[in-house]
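**Q** For reference, the chains in residue letters:
Number of protein chains: 2
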Amino acid sequence: MMRTRPLKVALLGCGVVGSEVARIMTTHAEDLAARVGAPVELAGVAVRRPSKVREGIDPSLITTDATALVKRGDIDVVVEVIGGIEPARSLITTAFEHGASVVSANKALLAQDGAALHAAAEEHGRDLYYEAAVAGAIPLIRPLRESLAGDKINRVMGIVNGTTNFILDKMDTTGAGYQEALDEATALGYAEADPTADVEGFDAAAKAAILAGIAFHSRVRLDDVYREGMTEVTAADFASAKQMGCTIKLLAICERAADGESVTARVHPAMIPLSHPLASVRGAYNAVFVEADAAGQLMFYGPGAGGSPTASAVLGDLVAVCRNKLAESTGPGESAYAQLPVSPMGEVVTRYHISLDVADKPGVLAQVATVFAEHGVSIDTVRQQGKDGEASLVVVTHRASDASLSGTVEALRNLDTVRGVASIMRVEGE
Amino acid sequence: MMRTRPLKVALLGCGVVGSEVARIMTTHAEDLAARVGAPVELAGVAVRRPSKVREGIDPSLITTDATALVKRGDIDVVVEVIGGIEPARSLITTAFEHGASVVSANKALLAQDGAALHAAAEEHGRDLYYEAAVAGAIPLIRPLRESLAGDKINRVMGIVNGTTNFILDKMDTTGAGYQEALDEATALGYAEADPTADVEGFDAAAKAAILAGIAFHSRVRLDDVYREGMTEVTAADFASAKQMGCTIKLLAICERAADGESVTARVHPAMIPLSHPLASVRGAYNAVFVEADAAGQLMFYGPGAGGSPTASAVLGDLVAVCRNKLAESTGPGESAYAQLPVSPMGEVVTRYHISLDVADKPGVLAQVATVFAEHGVSIDTVRQQGKDGEASLVVVTHRASDASLSGTVEALRNLDTVRGVASIMRVEGE
Ligand SMILES: NC(=O)c1ccc[n+]([C@@H]2O[C@H](COP(=O)([O-])OP(=O)(O)OC[C@H]3O[C@@H](n4cnc5c(N)ncnc54)[C@H](OP(=O)(O)O)[C@@H]3O)[C@@H](O)[C@H]2O)c1
Ligand SMILES: NC(=O)c1ccc[n+]([C@@H]2O[C@H](COP(=O)([O-])OP(=O)(O)OC[C@H]3O[C@@H](n4cnc5c(N)ncnc54)[C@H](OP(=O)(O)O)[C@@H]3O)[C@@H](O)[C@H]2O)c1
Chain A
1 MMRTRPLKVA LLGCGVVGSE VARIMTTHAE DLAARVGAPV ELAGVAVRRP SKVREGIDPS
61 LITTDATALV KRGDIDVVVE VIGGIEPARS LITTAFEHGA SVVSANKALL AQDGAALHAA
121 AEEHGRDLYY EAAVAGAIPL IRPLRESLAG DKINRVMGIV NGTTNFILDK MDTTGAGYQE
181 ALDEATALGY AEADPTADVE GFDAAAKAAI LAGIAFHSRV RLDDVYREGM TEVTAADFAS
241 AKQMGCTIKL LAICERAADG ESVTARVHPA MIPLSHPLAS VRGAYNAVFV EADAAGQLMF
301 YGPGAGGSPT ASAVLGDLVA VCRNKLAEST GPGESAYAQL PVSPMGEVVT RYHISLDVAD
361 KPGVLAQVAT VFAEHGVSID TVRQQGKDGE ASLVVVTHRA SDASLSGTVE ALRNLDTVRG
421 VASIMRVEGE
Chain B
1 MMRTRPLKVA LLGCGVVGSE VARIMTTHAE DLAARVGAPV ELAGVAVRRP SKVREGIDPS
61 LITTDATALV KRGDIDVVVE VIGGIEPARS LITTAFEHGA SVVSANKALL AQDGAALHAA
121 AEEHGRDLYY EAAVAGAIPL IRPLRESLAG DKINRVMGIV NGTTNFILDK MDTTGAGYQE
181 ALDEATALGY AEADPTADVE GFDAAAKAAI LAGIAFHSRV RLDDVYREGM TEVTAADFAS
241 AKQMGCTIKL LAICERAADG ESVTARVHPA MIPLSHPLAS VRGAYNAVFV EADAAGQLMF
301 YGPGAGGSPT ASAVLGDLVA VCRNKLAEST GPGESAYAQL PVSPMGEVVT RYHISLDVAD
361 KPGVLAQVAT VFAEHGVSID TVRQQGKDGE ASLVVVTHRA SDASLSGTVE ALRNLDTVRG
421 VASIMRVEGE
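Those sequence lines, one after another, are chains A and B. The C-terminal position of the first sequence is numbered 430 in full-length UniProt numbering, with every residue numbered one higher than the one before it. The C-terminal position of the second sequence is numbered 430 in full-length UniProt numbering, with every residue numbered one higher than the one before it.
I should point out that these hints are in silico values taken from the structure, not numbers from a laboratory. Nothing false has been slipped in among the hints.
Since the list can't tell identical chains apart, any single copy or any two copies may satisfy a pair.
Computed list of lysine to aspartate or glutamate pairs in EDC-like fashion (alpha-carbon distance at most 16 Å, straight line):
id, residue 1, residue 2
1, Lys152, Glu30
2, Lys152, Asp31
3, Lys8, Glu30
So that you can see chain A by itself, here it is in the shape it has in the complex (with noise of 0.2 Å):
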C-alpha cells in the first residue's frame, strides 16, 4: 500500500509549536509513512528570522517568503503555526488556491473567521483542520464533530486556558492573591510578559467560539462570546467560595437554550463545586466537560498547551489529511446547518453568589429580599455576618436569568441600606 512519491509539508512558522512538528516529522518519519501510506516530507519552512540556528532542521528548507512557498504549487499540505490574524489569513486562503490542504493551530484566526475559511477550504476541495487551536493536545475538536456527530450536545464547558487555571489553582491552595499568582506564573513561564489575552479570557473566548460552533452545528463568532477576565477575583472570592463547597474556575461555556431554538457561548470566572470533575484540574492542565442527549456526561482531560503536546494535535490533523489527500478526498468540513442565533448575555440562566455589605440594622435582610422578589430572582439561601455597625450578607440565588440578576444588582445599588456589592460570581456546574 505505500507510495513512494512523498508527500509534502510547508511549515509556516517554527517557532514553540513549529519546531516540535519539525522535530517530530523528522524522528517519527517512518511511522508517519506507515501511518500514512506515503512518505511525508519536510518541503519548506517559512519565519521571519532566517538566520536564527533551528536545530536539526535542514538550513536549505528555511525561507522568509512564505507566500513564494504555498505557492509552490507541489505543496500537499500546509501547517500554519505563525499565528495572528495577517499574514496567517492570507497565506491558508492562497494554500488552498495552489492545491494545498491546511492544518492550523491558530484559535484567534478561526474564532474570528473560520467560516470564511472554511468556505475557502470547500470551494477548492480542500481540508481545514484546526484540533490544536482549542485545548492543545486533547482530541476535542475531532470528538464533537465526529465522534459524537450522531448525538445532541446541550453543553460543553471547559476549563480551556493552562495559565489562568495555573493562576486560579494557587490561589485556591496557597490563599494568594491575584497579582502575587500571576507574579508566579509567569516567573515560571507559565504566563507571557503580556498576560492580557489570558487572564481577560480573549483567549478562552476564542476557544468557546470554535466549540460553541462545532458542538451547536452553527457560526459562533468571537464577537459572540460574553467575556469576563479573572483579574478581579480575590482570595476572598476563594474563602467565600471554600464556605460554599466550591471552587473558583475561570470557564468557558456553551450552552443550548432550554428551547433548543438558541445558544449562548460565554467565559467568566464562576464557583463550581468541589465535587465537579473540572473542580480538581490543577495547574495548567485543561479539561472540557460534554453533556449530550445520548451521551450523557463526557469530560476531555490533559495539558493545553506546550510546544509538544499542540505538535501532537497538529501532527494527529497532519495524518488525518495526508490520508485523505491519498485518498483524493476530504473530511468532514464545516457543518452550520442548523442555523441557532446566539443569544445575548442576558438570557443566560444560572445561578449566582453575591456578596453585599450593607447596614447592620434590623430590616435590612427583608428590603434586599424584596428587591430580589421584585426582579423574580428566588434566593437559595442568606448568610449574615455583622461586625461593628457594617454586616455582609451573602445570598446565593436559584436558576435566573443573567439580564434579572443585572437588574436585581442595579436595584440593590440605590438602596440606601447596601453600602456596596462586593462581589458577584456565577455558580456552574450543578
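We have chain A; now place chain B with the ligands onto it with these hints.
**A** For chain B with the ligands alone, coordinates are given in the frame of chain A:
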C-alpha cells in the same frame, strides 16, 4: 449538497443498544441527514423474537432472517448490535461481500477476530467501525487512531468495565465485602444475573486487546491479554490500600516495553494513589488514561455502557461511515504495521503490595527481606504488625518484573516462618 436517495441501514439486533439506535435514527432523522449529506433510512431490523412489541419501529421492517437482510444488496451500512461471536461474525463478513460497511459494538468479536474482519473489510473496500465496543460513549478509538496518529503512545490504562467499578467503589465507600457489593450491583441492574464476564475480567480483557492493538499499531488478541478478576478483593485489601493513600480499581493496562520492542496487555485489580485521576472515577463510570510521547497525559471519562450512551457511539460511527460512502472512500482501517510482539505477564514491570502472615519471632523480617533480595526485588517499605504470637508483614516493593515477584512469593511460601500470603496486589499509577 444534500442527496435525495437515502442511505440504507440494516440494524442487526434491537435489544438494549439496538432499540436506542433505532429510536435516535427516527427522532433525529433530520439532524442525521444534515450531518451526513443525505437521508439515512432504517431499511430492516433483524431480531430473534419477531413477535416482541418494539415501540417506534415499523413492524414491516422486522425480520428474523438477518442473513437475507445483509444480502439484500441495497444496504449501505450494517449496524451489528447482536453481540457474541456467531452469527455476528458471519453476518459482518456477508455484509462486506454484499456491498455494506459495518458499524459494530461487539468487543468480544473484535478482540477475537479483529484482524480477520479488518482484512475482509479492506478486501471489499468497506469500513469497519466500532467505537462503541470500548468504553461505551467515550470517544476513545477515534482519538487513539486519529487524533494521536502523529504521536507515540506508551501506555493506555483505564477503568473499562462499569460493573466492576461500581462494585469496587461500593466496597471502598461503604466497607462492604465483595459479595455484598455484587448483590447491590445486581439489584440495581449494574450487574447481570451471571456476572462472570465482568467480575472475572473477560469483558475488560477484550477491550484491552482492542485498545492495545490500536495504540501500538500491532495485533493483540484476547489470548494475549493477562487476566485476573476482582472476586478475591477483600475489605482488608481496601483497608491496606487506604493506609497507603490508595484505592483499588480493576484496570486494563496496555504498555509499550521500556526498550520499545514489545508490548504487554493485562487486566487485574490494582492499588492506585488517591491523587491519580482514575482514583476518583465513581460508580459505573469508565475512564481511560493515555500517555504519549508528545501529548503527555490525557484522560477520557464518561459512561462506559448503557443503551443510550452506547447508541451515541454507534451513531457517531454511522455518520462517519455514511459520509465515507457518499465520498466513495473509506476511513482509516487496521494499522498493525509495527508488528510488536506481545510479551508474557512475567515481563511486566510494576510495583507490588504483599501482605504476609508470619510467626511473631525475631529474625522473620530478615529472612523475608533476604528472599526478596535473592530474587532481585527491592523493597520500598515494610510494615510489621504483631498480635498474640501471630504477626503480619506488609511489604511494598520498588518496580520489579512479575516473574521475579512470582519467584519471590513462591520462595516466601516455603519459609517455615511464613504462615501464609494473605494478598498480593499490584500498585500502579505512580
Ligand atoms: N505555544 C502553545 O503552547 C500553543 C498552544 C496551542 C496553540 N498555539 C498556537 O500555535 C500558533 C503558534 O504558536 P507558537 O507559540 O509556536 O508561536 P511562536 O513561538 O511565536 O512562533 C511563531 C513562529 O512564526 C514565525 N513567524 C512570525 N511571523 C512570520 C511571518 N510573517 N512569516 C513567516 N513566519 C513568521 C516566527 O518566526 P521566527 O522563529 O523567525 O520568529 C516563529 O517561528 C499560534 O496560533 C498559537 O495560538 C500555541
Ligand atoms: N448494553 C450495553 O450497555 C453495551 C455497551 C457496550 C457494548 N455493547 C455491545 O452491544 C451489543 C448488543 O448488546 P445489547 O446489550 O444491546 O444486547 P441485547 O439487549 O441482548 O440485544 C441483543 C439483540 O440481538 C438480537 N438477536 C440475538 N440473536 C440474534 C440472531 N441470531 N439474529 C438476529 N437477532 C438476534 C436480540 O433479539 P430479541 O430482541 O428478539 O431478543 C436482541 O434484539 C453486544 O455486542 C454488546 O457487547 C452493549
